[in-house]
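A.B. asks: When you get a sec, could you build the whole thing from the sequences and use the hints?
So the sequence lines, in the order shown, correspond to chains A and B.
The first sequence maps to residues 1 to 342 in the numbering used here.
The second sequence maps to residues 1 to 342 in the numbering used here.
In case anyone wonders, no lab produced these hints; they're calculated from the structure.
Being a predicted model, the structure only gives us computed values, none of them experimental.
There may be inaccurate statements among the hints.
Pairs of lysine to any residue, SDA-like flavour, derived with a Cα cap of 20 Å [as the list claims (entries may be wrong)]:
| # | chain 1 | residue 1 | chain 2 | residue 2 |
| --- | --- | --- | --- | --- |
| 1 | A | Lys18 | B | Glu131 |
| 2 | A | Lys14 | B | Asp123 |
| 3 | A | Lys14 | B | Ala115 |
| 4 | A | Lys14 | B | Lys18 |
| 5 | A | Lys14 | B | Ala121 |
| 6 | A | Lys14 | B | Glu118 |
| 7 | A | Lys14 | B | Glu131 |
| 8 | B | Lys18 | A | Lys18 |
| 9 | A | Lys18 | B | Glu164 |
| 10 | A | Lys14 | B | Lys14 |
| 11 | A | Lys18 | B | His243 |
| 12 | A | Lys18 | B | Asp84 |
| 13 | A | Lys14 | B | Lys331 |
| 14 | B | Lys14 | A | Arg127 |
| 15 | B | Lys331 | B | His243 |
| 16 | A | Lys14 | B | Thr146 |
| 17 | B | Lys14 | A | Glu116 |
| 18 | A | Lys18 | B | Lys14 |
| 19 | A | Lys18 | B | Thr120 |
| 20 | B | Lys18 | A | Asp84 |
| 21 | B | Lys18 | A | Gly137 |
| 22 | B | Lys14 | A | Leu119 |
There are 2 protein chains.
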Amino acid sequence: MRVVRDIGEFGLIKRLTKLLPTSEKMGTVPSERDGTVPGFPADVLEGIGDDCAVLRIGGRVVLASCDLFIENVHFRRTTASPEDIGWKAAAAALSDIAAMGGTPLYCLVALACPAETELTAIDALYRGLAEAVAHAGAAVIGGDTTRSPEGIVLDISVIGEAREGRYLSRKGAQTGDVLAVTGHVGLSAAGLHAIERDADAPTLAQAHRRPKPRYPQGQWLCRQDNVHAMIDVSDGLIQDAGHLADAAQLGVDIDPRQLPVEPNLARYCEKNGLDTTDFMLTGGEDYELALAIAPEAHKEMAGAFLKECNTSLTAIATFTDQWPGVRAAGKEPPPGGYNHFA
Amino acid sequence: MRVVRDIGEFGLIKRLTKLLPTSEKMGTVPSERDGTVPGFPADVLEGIGDDCAVLRIGGRVVLASCDLFIENVHFRRTTASPEDIGWKAAAAALSDIAAMGGTPLYCLVALACPAETELTAIDALYRGLAEAVAHAGAAVIGGDTTRSPEGIVLDISVIGEAREGRYLSRKGAQTGDVLAVTGHVGLSAAGLHAIERDADAPTLAQAHRRPKPRYPQGQWLCRQDNVHAMIDVSDGLIQDAGHLADAAQLGVDIDPRQLPVEPNLARYCEKNGLDTTDFMLTGGEDYELALAIAPEAHKEMAGAFLKECNTSLTAIATFTDQWPGVRAAGKEPPPGGYNHFA
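C.D. replies: Encoded structure:
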């Protein structure tokens, strides 16, 4: 009998999408864009398949997404404090708003835990979560609390807004566009490596424990006409660049030598005989942004971005129509790639 | 060390709400109601504590809620088929929109399961879920899929609309108001009782497996000026009537003799020497509606409701300011009442 592992996360999403009453299947009810009464479902601008769903509501453009966080899958209480678990869950969920250039507004927080869970741990988890929500400028407006037979389960739903109706989806990269990435990647994965080995690497550990999604950066990039597509780097650069390539049915070959190596990552890898490139290409949870930019615009944009957002913007590849999918230094990633059921 | 069980679900919600950046704490940014730019957080009309959060977005009034469903807490694969699990999770989540008189629009569906879960089971679960979403007239616009170490976890976030800006919250019952309930309660709990004993009670079993939230009924009631407060009966009539009483700081004493006994429930209880009243007062998951109605309006409203919605509306108590909380036949429920951590 075939099981979920056999088709993996992306096979499963494809399969389940076919079974659901998605907006595409619901026909063509007149939209509020046509000046008629409450528009639905023509007002679903983006459905399943992007970082957020995008809705038109009352002339405003609303982003919505949800993420599950499960003990011993997404976090371990042996290597993360409850505060850090709370921060990271909220930050990871809210990063989906940053990924589309939106402004976070509201969160719904659902928690399940065993009845024997210490209150001090739950308090601490919510304190960390509250800090990440406040850091995003958002508010918690509701949620759910219930029992789990084992382990902590969190689901965080986020609602944001695409100001002036502008948002960036994964789709839109064009042949010849530059693939660029904000800031530095690989820190979070190296941080986990250090935490698990009790190594002294506080900057990397902090990057793993308290990732800071790129809200203002995403909003600034979203206002630039020459940015064609965007995603947040949650599953690793290769994986997420692959989503940009796949959505555009293009190819992209990342040049790892172009990636800026963060000094703490360089030091940690040198000291421990590790390869910085591995962390930078496959390490997830940095919540940097990867984007497709018109080739003529990149240089000037990087300068303005550094000035406005105090963040680097580095070109690391060019999109091509000569072959499909993602490569790094000319090599294809292992078949199937990373998925949550592997 | 104090654990979650010691304070229960409602103690936990109260405690965690204090820790979160809720809209109340975020200050008084000008609202779009004042004619200024994107209003937030003054546009949170209802935050934590009702069936849904209520938001003002672009002149429209939006309802949002989320619910977790956890294997061996909310459902058992030994007594429910995957189709029924999917239907019921979606129906339970969408009922929160009905509870406020809203129109369901969109769902986000997050699923976690072990990698060894059979695909046929997941397909069936999504088929049931899809049916319930389609029954509500809503569409699935996104979600999440990930691994769990054990058991199926579902989180369903729902977004709906309060048409013409009208919605009913839990707050609002007035002294002298009638407490009324739609349709029949107790069927779902009796259905589970029958399923667990392999007893032949198909109508009750179906009520348990495929509850049908009261969407049109809720919308109709929401348009009546004489309805002051509403909730869905998800945790049992005593519990949910108690929420209406508590929100208004009033008391309400349910007269069980007024409750209409559904014929299948009557037959099942008679045959098995059981008390219909127990099922009707404490059985959850019927997703009927409980509401507070101006006393002079109830009779006429019940007639019109029966005609328009083909559903009964039965007065079962009167709200009083003489004492606080809920009673049934003059008796207070056990201290603490039902909660998910008991």
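A.B. asks: Under the constraints set out in the numbered hints, which ones does this structure not fulfil?
C.D. replies: 4, 8, 9, 10, 11, 13 and 18
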